[in-house]
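**Q** If you want the building blocks of each chain, they are given just below.
Number of protein chains: 2
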Amino acid sequence: MTAEALSPELETIVANATAAAPAFAATSPKTRAQALVAVADALENAKASLVEIAMRETGLTEARLNGEVTRTAVQLRLFADTLVDGSYLDARIDYADPEFALGVRPDIRRTHIPVGPVINFSASNFPFAFSVMGGDSAAILAAGCPLIVKAHSGHPDLSDATAEVASAALTAAGMPAGTFQLIHGREAGVAVLKDPRVKAGAFTGSIGVGRLLADIAASRPAPIPFYGELGSVNPVFITADAIAERAADIASGYLVSVSGSAGQLCTKPGFAFIPTDSELPAAIQAAAGELPEHRLLDPRIARSFEERRQAIVSAPGVRPVIEGGIRFDEAGHGWATPTIVAVSLEDFRASKEALVEEAFGPLSILVETPAGTDLAALIPEFYEGNLTGTLHLSTIEGTGETANAAELRTLVDAISQQVGRVLFNGWSTGVAVTPAQQHGGPWPATTNDTSTSVGSSAIKRFLRPVAYQNAPAAFLPETLRDANPLGVPQAIAPAGESKTWGSAAQG
Amino acid sequence: MTAEALSPELETIVANATAAAPAFAATSPKTRAQALVAVADALENAKASLVEIAMRETGLTEARLNGEVTRTAVQLRLFADTLVDGSYLDARIDYADPEFALGVRPDIRRTHIPVGPVINFSASNFPFAFSVMGGDSAAILAAGCPLIVKAHSGHPDLSDATAEVASAALTAAGMPAGTFQLIHGREAGVAVLKDPRVKAGAFTGSIGVGRLLADIAASRPAPIPFYGELGSVNPVFITADAIAERAADIASGYLVSVSGSAGQLCTKPGFAFIPTDSELPAAIQAAAGELPEHRLLDPRIARSFEERRQAIVSAPGVRPVIEGGIRFDEAGHGWATPTIVAVSLEDFRASKEALVEEAFGPLSILVETPAGTDLAALIPEFYEGNLTGTLHLSTIEGTGETANAAELRTLVDAISQQVGRVLFNGWSTGVAVTPAQQHGGPWPATTNDTSTSVGSSAIKRFLRPVAYQNAPAAFLPETLRDANPLGVPQAIAPAGESKTWGSAAQG
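The listed protein sequences derive, respectively, from chains E and G. UniProt numbering applies: residue 1 is where the first sequence begins, and numbers increase by one. UniProt numbering applies: residue 1 is where the second sequence begins, and numbers increase by one.
To be clear, the hints were calculated from the coordinates, so they are not data collected in a lab. We treat Cβ as the ideally placed atom computed from N, Cα and C, and that holds for glycine. Each statement offered as a hint is correct.
Okay, the calculated bits of chain G under chain E, using three or more residues with CB under 8 Å as the criterion: (1) 63-74; (2) 87-98; (3) 401-414; (4) 421-427; (5) 467-480.
Using the sequences provided together with the hints, build the complete structure.
**A** In structure tokens:
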């Protein structure tokens with residue numbers, strides 16, 4: 001594969017981003033923080049008009065979309081915090097050491113610089129929080145990388161309107177022209193991803209498309225990192241004790257998590273493992289009441305959901321708990337009510353192929369496991385990687401201690417091996433945007449499980465380390481100078497203290 | 001591509017590594033640190049016998065090999081230090097916060113866990129420091145990942161002998177069986193790299209082989225990260241002022257850096273840009289004296305070097321400064337003396353294809369640039385990524401300030417964009433093993449320039465983050481507990497302080 005010539009329009013866009021790279025990289029972290037806050041403010045000020053477009057294009061509710069704008073603004077502010085804090089630079093200073101074990105050690109100082117122009121492919125299901133100015137875009141801009149966003153085809157007007165608001169705010173904040181640009185169309189996105197001037201890619205979407213783009217990024221003449229957040233079924237394990245303790249609470253929490261945003265969330269619990277003959281299915285039916293129908297994001301997603309739903313409900317041994325369904329309107333939009341089914345572990349095993357794949361929409365499967373089942377062994381049997389895994393456990397009355405903690409430890413370990421986030425007595429949807437968050441897990445949950453797309457660590461994906469050896473102060477980045485004018489945390493290894501722990505321990 | 005069945009022998013090896021993974025991951029960082037120190041001690045104790053084998057198999061000198069064993073031991077101890085320090089875990093604790101901007105924030109805690117079994121392909125040119133128990137192996141073991149090393153075909157007996165020493169030390173230190181295993185043969189290495197139980201690959205070697213293996217890793221049904229350290233030509237820029245200040249010093253330093261280890265180092269300066277009509281070529285001739293011949297690592301490398309050397313010396317406009325040469329003995333080994341050539345910038349440009357590619361051996365090219373040449377523009381014109389870039393500058397007498405610092409800043413910036421390490425008034429060979437070191441640069445210097453293969457950050461390649469949400473203490477890794485029994489650094493975000501800088505700044 002060689003880079004193809006870009007269309008004149010795309011050539012201008014990539015050339016703009018390339019031209020902006022040095023000036024944008026040279027902005028101070030605090031200046032970029034102010035620009036991100038300006039974008040957050042601008043989006044919040046434009047919320048009413050943006051949400052109106054989003055409702056029309058995505059079918060998501062006003063409450064959900066208003067909340068999503070707030071989340072998007074919080075994400076931008078989180079990265080502003082990250083920039084002001086400065087520890088993301090991992091600045092290290094090793095002073096010269098004439099006594100070093102391998103001979104005179106030079107003065108070596110290391111910080112991180114932006115990788116260059118990045119393309120971000122937006123998601124369908126978060127028209128704000130993982131779209132034009134969503135989490136990935138915020139991380140890319142925070143890192144100091146010119147950003148090209150490929151709009152999702154599901155909300156083109158909203159993408160244009162958001163881009164207009166963001167561009168105005170970035171320009172007013174003094175960011176260079178070419179810092180942020182929007183393109184439409186998958187072919188355009190692929191062409192930009194192949195361009196040698198583009199240095200990384202980010203993506204949120206399906207396993208199929210994610211794999212296609214990851215393969216393109218890896219097979220370029222100069223390969224680049226590609227950070228894809230793909231599919232996940234987020235298994236939940238609910239103990240008999242937990243059901244005995246709080247069946248109604250668990251039932252209602254599960255229903256909210258499965259049906260919120262019409263189940264179109266990458267952290268939707270797709271499976272819940274429960275004991276055979278438990279009262280939970282009945283509690284779920286009792287909690288369901290009259291569930292409203294919800295429009296799915298677009299006709300393609302609706303058709304694909306209905307196909308998966310039919311395959312699941314017609315698999316041998318699958319019984320409806322909540323029937324649910326989908327109807328299509330004249331415009332081709334699908335309107336769904338939640339479907340909950342139950343299946344024995346034996347039948348799940350027999351129909352694994354039909355059942356185990358993600359159903360992107362309001363559907364979840366209760367798997368009934370006989371007493372004595374080795375739950376830890378089910379994780380590698382059924383799943384590759386997942387974003388999350390959840391346990392619902394009970395507490396020993398009066399002590400606050402978890403019942404059967406020693407036995408459950410094996411299950412927790414097995415889940416940890418396969419996910420990015422392990423939850424206890426909660427629900428995986430509604431990902432908190434916070435420094436310790438991890439949103440990413442082994443393939444196919446993501447293309448790169450050593451990174452995260454939510455939380456302040458997400459900035460690291462778009463930075464690379466550079467070391468300076470015996471540099472005169474005039475040539476050092478400010479973050480590495482002794483005077484530390486930006487006040488960033490610096491990890492300092494003084495001369496004469498480079499004797500290692502190992503050699504000290506050995507005397 | 002699907003995973004093929006392994007030979008019975010390889011199946012046992014991969015099964016052993018897979019079985020060892022949970023137990024090895026569960027060892028405490030300090031226990032692993034002790035094991036690494038034990039390996040370092042054992043290698044140093046066995047130095048005499050190991051170096052004897054290495055001399056025979058690699059043709060490197062006793063002094064160089066003795067130094068390399070010391071370096072290898074220091075690397076192992078550096079990772080022991082890293083483990084004891086604990087900051088590599090980047091442990092973060094965000095306490096629950098009922099006041100959070102997006103609603104109640106759960107308690108989220110994040111640490112890093114080992115990725116699982118890793119294969120490391122050893123290098124030809126560092127039979128200790130980047131081979132069986134070299135830097136990559138030390139980082140993999142430090143991370144807690146079972147290690148399978150593919151021995152380099154250039155030193156099979158040394159690989160076996162080193163493995164025996166290391167295995168005994170690891171076993172005596174209580175590490176689980178299967179923690180470390182050695183295999184021989186490229187086909188075996190490829191088969192292991194394709195196996196779904198193997199979770200990452202490391203490699204030091206040529207661009208061709210590195211690309212082949214990187215493509216295999218990326219195209220697996222479940223892709224894995226592949227950390228290849230490939231080729232680099234490490235351009236050097238020497239100002240007229242620097243030559244006027246210290247021509248003899250620069251000449252002798254350059255010769256040592258080009259000819260040490262017979263130029264078979266990835267950080268060898270392949271090009272030096274010097275002013276037209278400078279006295280440096282004469283100074284280099286004066287410093288050269290009677291240069292001894294040195295055996296190249298193996299006959300294949302020798303033949304490949306001679307082919308590159310012939311292409312370079314016969315390109316139009318290329319003039320010998322030091323003729324050098326190579327002779328082949330009956331065993332097919334090549335014995336080389338250093339070759340230094342000079343070429344005008346104009347002729348370099350005209351023969352770019354023939355000249356710019358790495359010559360792995362004792363050869364370097366002086367490129368003579370007319371006064372007024374925009375040196376910063378030469379970097380992107382001639383090179384993709386490099387491990388290092390170097391400047392030799394002069395000091396304004398009496399001030400300690402660099403001459404022409406403002407002008408040179410553009411050149412430093414251009415170099416930074418394309419390398420992992422920028423050096424001043426020194427030589428790129430002899431990479432210090434120290435926390436701030438960065439050994440890695442943009443493609444094709446490495447497959448992944450957001451990582452390093454030297455320095456304590458190298459451990460990060462074999463870890464992935466996991467977050468725990470609302471976890472009872474009994475299920476938390478020790479590194480994330482409030483009591484902090486291992487005493488690792490924990491970044492704590494208390495409740496009630498999650499208001500962002502952005503919102504504070506806005507009032």
